[in-house]
Amino acid sequence: MDIHTFLVPPAELAKRKGPHDRIVMSSRVRLARNLKEAAFPGWAKKPERVRVLDMIRPTIESLPEMKDSYSETMDSLSTLDKQILVERHLISREHAAKSAGSGLVLNRDETLCFMINEEDHLRMQALRPGLQLRQAWAAIDSADTQLEKRLEYAFNGDWGYLTACPTNIGTGIRVSAMLHLPGLVLAEQINPIIQSVNKLGLAVRGLYGEGTEALGNVFQVSNQMTLGESETAIVERLEKVLAQIIEHEENARATLLEKKPKMVYNHIGRAYGILANAHSISSKETMNLLSLMRLGVDMGLFPGVDRALVDELFIMTQPAHLQKQHTEKLSAEERDLLRADMVRERLRQVSRPIAKPLPPSGAELDKPEK
Amino acid sequence: MLCCICKEKEATVHLTQIAGDKMQKVDLCEECAKTKGVNDPTGFSLADLLLGLGASDEIEKAAGGAEIKCARCGFTQADFKKAGRLGCPECYKTFSEPLEGLLKTMHKGVRHVGKVPESLRQTRDLSDRLKSLEKKLNKAIEEEDFEEAAILRDEIKQTKARLTTAAI
Chain R
171 MDIHTFLVPP AELAKRKGPH DRIVMSSRVR LARNLKEAAF PGWAKKPERV RVLDMIRPTI
231 ESLPEMKDSY SETMDSLSTL DKQILVERHL ISREHAAKSA GSGLVLNRDE TLCFMINEED
291 HLRMQALRPG LQLRQAWAAI DSADTQLEKR LEYAFNGDWG YLTACPTNIG TGIRVSAMLH
351 LPGLVLAEQI NPIIQSVNKL GLAVRGLYGE GTEALGNVFQ VSNQMTLGES ETAIVERLEK
411 VLAQIIEHEE NARATLLEKK PKMVYNHIGR AYGILANAHS ISSKETMNLL SLMRLGVDMG
471 LFPGVDRALV DELFIMTQPA HLQKQHTEKL SAEERDLLRA DMVRERLRQV SRPIAKPLPP
531 SGAELDKPEK
Chain P
557 MLCCICKEKE ATVHLTQIAG DKMQKVDLCE ECAKTKGVND PTGFSLADLL LGLGASDEIE
617 KAAGGAEIKC ARCGFTQADF KKAGRLGCPE CYKTFSEPLE GLLKTMHKGV RHVGKVPESL
677 RQTRDLSDRL KSLEKKLNKA IEEEDFEEAA ILRDEIKQTK ARLTTAAI
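Going down the list, the sequences are from chains R and P. The numbering of the first sequence is this note's numbering, which starts it at 171 and goes up by one. The numbering of the second sequence is this note's numbering, which starts it at 557 and goes up by one.
No wet-lab data here; the hints were simulated from the structure. Since this is a predicted model, take the numbers as computed values, not measurements.
Within a straight-line C-alpha distance of at most 25 Å, the following computed DSS-like cross-link-like pairs (lysine-lysine) qualify:
#1 Lys565(P) / Lys638(P)
#2 Lys664(P) / Lys649(P)
#3 Lys215(R) / Lys637(P)
#4 Lys637(P) / Lys664(P)
#5 Lys649(P) / Lys638(P)
#6 Lys638(P) / Lys215(R)
#7 Lys216(R) / Lys638(P)
#8 Lys454(R) / Lys499(R)
#9 Lys187(R) / Lys237(R)
#10 Lys695(P) / Lys716(P)
#11 Lys410(R) / Lys664(P)
#12 Lys319(R) / Lys237(R)
#13 Lys625(P) / Lys215(R)
#14 Lys692(P) / Lys716(P)
#15 Lys625(P) / Lys660(P)
#16 Lys432(R) / Lys526(R)
#17 Lys216(R) / Lys637(P)
#18 Lys625(P) / Lys206(R)
#19 Lys649(P) / Lys625(P)
#20 Lys369(R) / Lys660(P)
#21 Lys687(P) / Lys660(P)
#22 Lys664(P) / Lys687(P)
#23 Lys638(P) / Lys660(P)
#24 Lys664(P) / Lys369(R)
#25 Lys216(R) / Lys625(P)
#26 Lys638(P) / Lys206(R)
#27 Lys713(P) / Lys687(P)
#28 Lys410(R) / Lys187(R)
#29 Lys649(P) / Lys206(R)
#30 Lys319(R) / Lys206(R)
#31 Lys206(R) / Lys637(P)
#32 Lys660(P) / Lys206(R)
#33 Lys563(P) / Lys638(P)
#34 Lys215(R) / Lys649(P)
Covered stretches of chain P, going by a simulated chain R footprint (3 or more residues, C-beta under 8 Å):
#35 641-647
#36 676-689
Quick reminder that beta carbons are idealized off the backbone N, C-alpha and C, glycines included.
Please build the complete structure, drawing on both the sequences and the hints.
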């Protein structure tokens with residue numbers, strides 16, 4: 171099956187709602203598991219990797235929640251297909267680089283995704299829109315419980331689930347949330363926040379995980395330690411920290427509007443101006459400007475505009491998604507032209523931002539209960 | 557002082573991490589610091605960096621000069637130094653001693669807390685129970701409480717029997 175007929179259309183994806191989705195774009199829980207009897211993928215020879223893949227893949231396909239899933243080996247996917255999956259945060263960049271002996275099983279609504287023979291034999295993740303860490307954990311916990319009946323996991327009484335990298339042993343869990351934090355960036359408060367979150371033993375990363383920059387003011391916050399703390403304790407700890415970051419972001423936005431409204435309107439107005447009128451624009455600039463427009467929508471500066479419009483462009487303007495809409499192979503320069511055309515077209519119906527926000531009607535503060 | 561990654565250029569970036577009672581130092585030249593993303597607070601993790609450097613040192617130290625090699629998959633400490641990853645689940649037994657120290661600096665604890673596969677849960681509970689019973693028995697003998705000791709001895713016998721059936 172073609173991956174593109176399978177994937178959820180970006181317009182639909184952007185409309186998905188979740189608690190606190192003003193700031194928390196998505197929640198994710200990932201588990202790392204390995205088979206007891208095989209070498210880890212990075213050390214195993216190809217026949218062994220293929221054997222592991224052939225054992226794990228049908229087991230996942232047989233799960234009731236994976237009915238009608240998309241299941242494929244990595245060598246049968248094109249570079250472009252893989253890149254699209256990366257842009258959707260369904261697979262890691264590391265997994266996109268794999269070929270024979272690695273695989274992928276993805277469910278119909280893109281909420282459960284299994285990478286086979288990435289760094290570990292099995293990396294499974296549950297995704298949810300907005301702040302829904304508990305729901306994501308419950309979903310992946312249940313899938314894991316069914317799998318453990320049929321796969322013999324590498325598990326040690328002292329060190330828990332054994333993983334290729336010692337940084338993941340124990341629970342093998344990574345709980346993370348993707349946050350949109352333009353207020354903290356504009357108020358220049360983001361670095362102290364990152365530092366204090368780091369001090370709590372949590373990692374802050376850019377849009378595409380490990381070692382990537384924070385494009386579009388999007389940050390990923392996740393746990394780093396996996397041994398010596400239970401899954402539920404990690405989820406709860408992250409929830410507490412996220413509640414505080416959400417509060418800081420809301421405060422930063424409110425303070426900016428009160429103390430430096432002109433600075434904020436200037437940034438948002440210029441972002442709109444460029445997006446609505448540019449004839450060539452890079453993916454990086456688009457993301458950074460779309461982030462400011464998203465902030466403008468949140469602040470009520472674009473009455474009648476839904477955040478989904480911005481979120482859809484966020485997905486559609488990324489290089490691989492853009493390439494997929496055209497049959498001929500595009501150079502980076504050609505992509506910049508077509509990207510600008512697409513954004514201009516989509517923003518034709520959007521009026522320029524008003525100079526003063528309307529009294530809040532859907533823009534009331536998003537205060538998480540603690 | 558030379559950079560501990562490339563071992564060629566003079567180290568100008570010095571990092572120290574104190575986790576619990578362990579202090580670790582890394583000295584890098586400007587170029588290596590840049591490639592490791594030290595300047596970028598969003599992309600940098602000292603733990604990942606230390607894993608490559610500190611881990612292999614620990615393993616070499618524990619080996620006392622001799623090369624440790626996993627009997628099952630043939631993975632050696634030199635491979636670990638290169639990859640920062642282990643070869644197979646069995647490697648955790650092979651390299652258990654040096655890993656112990658390393659894990660302490662990386663994680664919250666050194667013993668797993670949380671989910672256990674159901675098939676192993678019973679075994680794990682029983683062996684935990686056995687350990688605590690044996691401790692109690694030693695204490696009872698020390699205190700010359702032989703009545704208690706007799707009860708404990710029977711319980712230990714039962715638990716051991718259940719453990720052997722559970723393991724099969």
